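Undergrad: Protein chains in written order, with my numbering: chain A, 1 to 449; chain B, 450 to 880.
Hints may be right or wrong, so weigh each one.
[To be verified] Taking lysine-lysine and the DSBU-like style, the derived pairs with C-alpha atoms no more than 35 Å apart in a straight line are:
id, chain 1, residue 1, chain 2, residue 2
1, B, Lys517, B, Lys454
2, A, Lys75, B, Lys517
3, A, Lys193, B, Lys517
[Unchecked claim] Residues from chain B that face chain A, not an exhaustive set, calculated with beta carbons under 7 Å:
id, residue
4, Trp514
5, Ile797
6, Ile804
7, Arg859
8, Gly861
9, Lys863
In short, the hints are calculated from the structure, not lab data.
Remember, it's a predicted structure, so these values are computed and weren't measured experimentally.
Each residue gets a CB set at the ideal place from its N, CA and C atoms; glycine is no exception.
Here is how the chains run, residue by residue.
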Amino acid sequence: MTDSIFKNPGQTAFAGHRLSAVDYQQNFADIQTPLDIHSAVVEADRCYYCYDAPCQTACPTSIDVPGFIRMIGQKNDLGAASKILTENIMGGTCARACPVETLCEHACVRQGEEGGPVQIGLLQRFATDQVNLSEAKFFTRDTPTGYRVAIIGAGPAGLSCAHRLAVLGHEVFIYEAQQKSGGLNEYGLAAYKMADDYAQREVEAILSIGGINIKNGVKVGEDISFAELQTNYDAVFMGVGLGSSNALRLDGEQAEGIISAVDYIHHLRQAEDLGELPVGQDVVVIGGGMTAIDIAIQIKRLGAANVTMAYRRGKENMSASLEEQEFALNEGVRIVHWAQPVGLQTNKGFITGVEFKATNTPDSDSYTMAADMVFKAIGQSLTPIVTGDIEFAQSHGKIAVDAERRTSHMGIWAGGDCVAGGDDLAVTAVQDGKLAALSIHNTLTQQQI
Amino acid sequence: MIDLKSNFIGIQTPNPFWLASAPPTDKAYNVNRAFEAGWGGVMWKTLGQAGPPIVNVSGPRYGAWHGKDRSLMGLNNIELITDRDLEINLTEIAQIKRDWPDRGVVVSLMVPCEEQAWKDILVRVEDTGADGIELNFGCPHGMSERGMGAAVGQVPEYVEMVTAWCKQYSYLPTIVKLTPNITDIRSSARAAVRGGGDAVSLINTINSVMGVNLQQLRVSPATGQQGAHGGYCGPAVKPIALHMLGEIARDDQCEGIPISGIGGVTDWQDAAEFMALGATNVQVCTAVMTYGFRIVEDMIDGLGRYLAEQRMSSVEQLIGAAVPTLTDWNQLDLNYVVKAQIDQNSCIKCGRCYIACEDTSHQAISSEINGERGFEVKEEECVGCNLCVNVCPVEDCITLRELHDEVDLRTGEKVSGEYRNWTQHPNNPMA
Numbered sequence: 001m002t003d004s005i006f007k008n009p010g011q012t013a014f015a016g017h018r019l020s021a022v023d024y025q026q027n028f029a030d031i032q033t034p035l036d037i038h039s040a041v042v043e044a045d046r047c048y049y050c051y052d053a054p055c056q057t058a059c060p061t062s063i064d065v066p067g068f069i070r071m072i073g074q075k076n077d078l079g080a081a082s083k084i085l086t087e088n089i090m091g092g093t094c095a096r097a098c099p100v101e102t103l104c105e106h107a108c109v110r111q112g113e114e115g116g117p118v119q120i121g122l123l124q125r126f127a128t129d130q131v132n133l134s135e136a137k138f139f140t141r142d143t144p145t146g147y148r149v150a151i152i153g154a155g156p157a158g159l160s161c162a163h164r165l166a167v168l169g170h171e172v173f174i175y176e177a178q179q180k181s182g183g184l185n186e187y188g189l190a191a192y193k194m195a196d197d198y199a200q201r202e203v204e205a206i207l208s209i210g211g212i213n214i215k216n217g218v219k220v221g222e223d224i225s226f227a228e229l230q231t232n233y234d235a236v237f238m239g240v241g242l243g244s245s246n247a248l249r250l251d252g253e254q255a256e257g258i259i260s261a262v263d264y265i266h267h268l269r270q271a272e273d274l275g276e277l278p279v280g281q282d283v284v285v286i287g288g289g290m291t292a293i294d295i296a297i298q299i300k301r302l303g304a305a306n307v308t309m310a311y312r313r314g315k316e317n318m319s320a321s322l323e324e325q326e327f328a329l330n331e332g333v334r335i336v337h338w339a340q341p342v343g344l345q346t347n348k349g350f351i352t353g354v355e356f357k358a359t360n361t362p363d364s365d366s367y368t369m370a371a372d373m374v375f376k377a378i379g380q381s382l383t384p385i386v387t388g389d390i391e392f393a394q395s396h397g398k399i400a401v402d403a404e405r406r407t408s409h410m411g412i413w414a415g416g417d418c419v420a421g422g423d424d425l426a427v428t429a430v431q432d433g434k435l436a437a438l439s440i441h442n443t444l445t446q447q448q449i
Numbered sequence: 450m451i452d453l454k455s456n457f458i459g460i461q462t463p464n465p466f467w468l469a470s471a472p473p474t475d476k477a478y479n480v481n482r483a484f485e486a487g488w489g490g491v492m493w494k495t496l497g498q499a500g501p502p503i504v505n506v507s508g509p510r511y512g513a514w515h516g517k518d519r520s521l522m523g524l525n526n527i528e529l530i531t532d533r534d535l536e537i538n539l540t541e542i543a544q545i546k547r548d549w550p551d552r553g554v555v556v557s558l559m560v561p562c563e564e565q566a567w568k569d570i571l572v573r574v575e576d577t578g579a580d581g582i583e584l585n586f587g588c589p590h591g592m593s594e595r596g597m598g599a600a601v602g603q604v605p606e607y608v609e610m611v612t613a614w615c616k617q618y619s620y621l622p623t624i625v626k627l628t629p630n631i632t633d634i635r636s637s638a639r640a641a642v643r644g645g646g647d648a649v650s651l652i653n654t655i656n657s658v659m660g661v662n663l664q665q666l667r668v669s670p671a672t673g674q675q676g677a678h679g680g681y682c683g684p685a686v687k688p689i690a691l692h693m694l695g696e697i698a699r700d701d702q703c704e705g706i707p708i709s710g711i712g713g714v715t716d717w718q719d720a721a722e723f724m725a726l727g728a729t730n731v732q733v734c735t736a737v738m739t740y741g742f743r744i745v746e747d748m749i750d751g752l753g754r755y756l757a758e759q760r761m762s763s764v765e766q767l768i769g770a771a772v773p774t775l776t777d778w779n780q781l782d783l784n785y786v787v788k789a790q791i792d793q794n795s796c797i798k799c800g801r802c803y804i805a806c807e808d809t810s811h812q813a814i815s816s817e818i819n820g821e822r823g824f825e826v827k828e829e830e831c832v833g834c835n836l837c838v839n840v841c842p843v844e845d846c847i848t849l850r851e852l853h854d855e856v857d858l859r860t861g862e863k864v865s866g867e868y869r870n871w872t873q874h875p876n877n878p879m880a
């Protein structure tokens with residue numbers, strides 16, 4: 001993470017405070033309209049309670065979707081929330097941030113039948129919103145085992161792992177480099193998806209189980225060595241995410257105004273005054289994933305005049321769903337497909353434009369888009385870790401794990417965005433943490449025998 | 450457009466849609482609005498004998514069973530007969546009949562089971578110019594505790610006796626309204642016939658307790674701390690009403706008696722079903738209490754179009770058209786064989802048919818087709834029970850296929866096509 005997303009905030013082209021305080025507030029308020037009790041019960045009644053439900057199969061955490069929806073229909077919100085959280089301790093965040101249109105709602109038989117799936121995401125949000133998660137006491141801790149587990153990273157994977165371990169009676173110690181816990185829930189998701197400080201409220205609820213000790217602002221590898229963790233704890237789980245934004249690898253990339261989307265969103269999420277953020281007039285976002293969509297919409301909502309997303313392949317190839325693309329278009333974002341950045345134009349150290357080549361017509365001339373701000377959203381990579389001498393087997397540039405989320409190194413588990421095979425979603429990270437916790441538990445308790 | 454004019458025991462109305470004796474017909478104001486909306490006739494809310502007015506509760510009179518979207522499936526009530534002064538009611542009835550000569554106005558009556566009491570009220574009703582009387586032998590709450598309403602309707606001898614009094618002391622056509630809170634509705638219908646009744650109407654409301662408030666752990670709705678059973682009506686009771694209607698319509702001893710059908714009639718399809726099962730007209734209450742009088746517009750339009758589509762020129766042709774198809778179980782053709790079949794194009798793969806059949810019926814549906822999620826009927830297990838058809842959320846996705854000249858894979862026997870009922874069946878020791 002760079003310390004500053006913009007080295008020279010005084011530059012006029014980037015002046016903030018474009019909008020009124022009311023506009024900032026509206027533009028970054030909760031984007032969902034939660035269901036009220038009546039509409040939740042009516043929506044729940046649309047669920048067919050399918051046999052071997054496709055929505056449950058589609059959910060990376062295998063939430064019993066028909067089960068919790070039926071409970072909402074019976075006004076048993078506690079039961080519904082309990083069912084959700086038993087499989088996915090971050091059911092609240094996932095209800096807000098999951099791309100349901102490609103997961104559970106995509107699988108809903110009503111999607112095929114009438115193009116209008118049961119609104120599973122909103123129902124899940126309803127169930128988890130109805131109860132005070134910190135006070136609900138859905139979980140009780142098993143008898144203390146005496147085992148101590150270290151977790152690196154308090155993101156979705158780490159917290160999920162920690163919670164399940166705590167339930168199983170283990171003592172957990174999380175080392176988190178950031179000042180706040182929650183990982184990308186706190187620093188990465190679009191602000192309007194996580195309104196009202198939801199990430200911190202959820203973290204608080206998760207920690208209410210007890211037995212989870214978080215050390216914020218502690219970087220493993222700098223403040224404490226990986227070897228110490230191995231020595232002091234019975235097992236280690238790594239949920240370190242992906243720390244580095246991929247580079248464009250073009251000349252001029254260091255120019256003022258070229259920013260990592262992830263870094264910018266990190267600042268945006270923590271900004272006390274959104275008006276203080278630098279905002280360009282002609283913004284080009286390079287990339288076709290969720291991060292690209294999120295930064296494009298958020299910079300537009302911060303007052304950028306022209307926002308263009310440029311992606312090197314077609315609409316169907318974008319990893320952002322068609323619904324997300326539609327959302328961006330409705331926000332006034334322009335999406336240009338088949339556009340490969342081939343050069344950066346700068347003037348006196350400032351970005352002024354991006355040169356593109358059309359990938360679908362290779363022989364055509366390149367063309368230029370004017371830009372005073374360029375976001376890189378072309379993926380992230382594993383930051384060289386922190387693990388000292390230990391080398392982990394990797395796959396596709398990420399840590400390789402088995403079905404139980406064991407790394408190649410005995411006693412070390414990993415999950416979330418840093419491991420291979422996932423889809424960089426919070427819901428997948430939660431599942432990784434859950435599976436790793438069960439594996440750690442089994443390993444530790446079987447040793448005892 | 451087909452003329453829907455209706456003749457019910459000599460009472461001519463522009464259509465067969467009547468309002469049942471109930472709160473909507475308690476006063477001239479409501480009845481005027483109903484007739485303006487187009488209703489063919491009204492059964493005026495039940496009058497009692499002269500004297501101190503009836504006292505109703507001032508708490509809830511109604512309770513409902515709702516669908517998830519608050520659609521009203523069933524309604525129950527504990528309202529008594531009219532609590533307005535007899536003289537006011539009679540004056541209003543007379544005025545209404547003068548103002549609406551082409552509509553039917555029948556007065557519902559409930560007085561103590563004494564000859565003089567009936568004699569007294571009949572004279573008063575005749576003076577109004579009303580078209581007829583309906584004897585309320587059905588009301589199951591409140592008045593029945595005082596020996597009236599259902600208390601009379603549950604004793605065939607009383608039904609016959611009071612009906613006979615009415616025929617003896619009045620020239621007015623007499624409709625006997627029957628209670629469903631009885632073992633065999635035919636016994637009271639036959640009593641009405643024996644007493645000389647001109648018609649029967651059914652069903653009145655069904656004894657019911659709507660529910661228990663689980664926070665307060667008391668019956669609901671409650672009048673303060675207690676509740677009492679009420680009479681149940683609305684869409685939920687329609688199948689019960691149709692059964693009782695059909696039993697009377699096909700009963701030899703009731704042959705020819707006109708029937709006014711009541712019980713959950715909400716739209717023209719309901720009305721047409723009641724008429725096809727033998728009702729000359731229908732009476733509506735819950736539907737107007739839910740939506741207001743205006744619904745008669747779509748009932749008139751819908752029934753008219755239906756008759757035209759059926760190439761019928763009058764409602765008379767519909768009345769009783771389906772009665773011959775209602776029979777006893779022992780007459781059903783045991784050689785009739787069907788198998789469920791699932792249309793794979795419209796199947797949405799919810800699996801409800803599978804789990805219903807697997808858990809609760811005949812294990813006759815598989816959940817995989819060529820290793821993929823998919824649902825298919827195993828004809829060698831299927832008994833044609835129709836459960837899968839009923840639980841399938843997609844209309845016409847699962848249908849029943851009739852077997853003709855082929856082997857039933859379940860029994861291994863060829864379907865003969867020859868009619869054979871239980872009375873002819875070799876397994877029947879009595880055959």
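Undergrad: Hint by hint, note whether the structure agrees.
TA: Right, here's what the structure says about each hint:
Of the supplied pair hints, the one linking Lys517(B) and Lys454(B) is violated, its CA atoms being roughly 38 Å apart against a limit of 35 Å. At most 35 Å may separate the alpha-carbon atoms for a hinted pair to count; Lys75(A) and Lys517(B) meet this at roughly 11 Å. Annotation: proposed proximity of Lys193(A) to Lys517(B) holds, straight-line Cα distance about 29 Å (limit 35 Å). Here the hint on Trp514(B) is broken, as its CB sits about 15 Å from the closest CB of chain A, past 7 Å.
About 4 Å separates the beta-carbon of Ile797(B) from the nearest beta-carbon of chain A, less than 7 Å, and the hint is met. Hint status for Ile804(B) relative to chain A: holds, with the closest Cβ pair at about 4 Å, below 7 Å. Hint status for Arg859(B) relative to chain A: violated, with the closest Cβ pair at about 23 Å, above 7 Å. For Gly861(B), the interface hint is violated, since its Cβ never comes within 7 Å of a Cβ in chain A; the closest pair sits about 30 Å apart.
The restraint placing Lys863(B) at the interface with chain A is violated, with a minimum CB-CB distance near 34 Å, outside the 7 Å limit.
Comparing the model with each earlier hint shows violations of hints 1, 4, 7, 8, 9; every other hint is respected.
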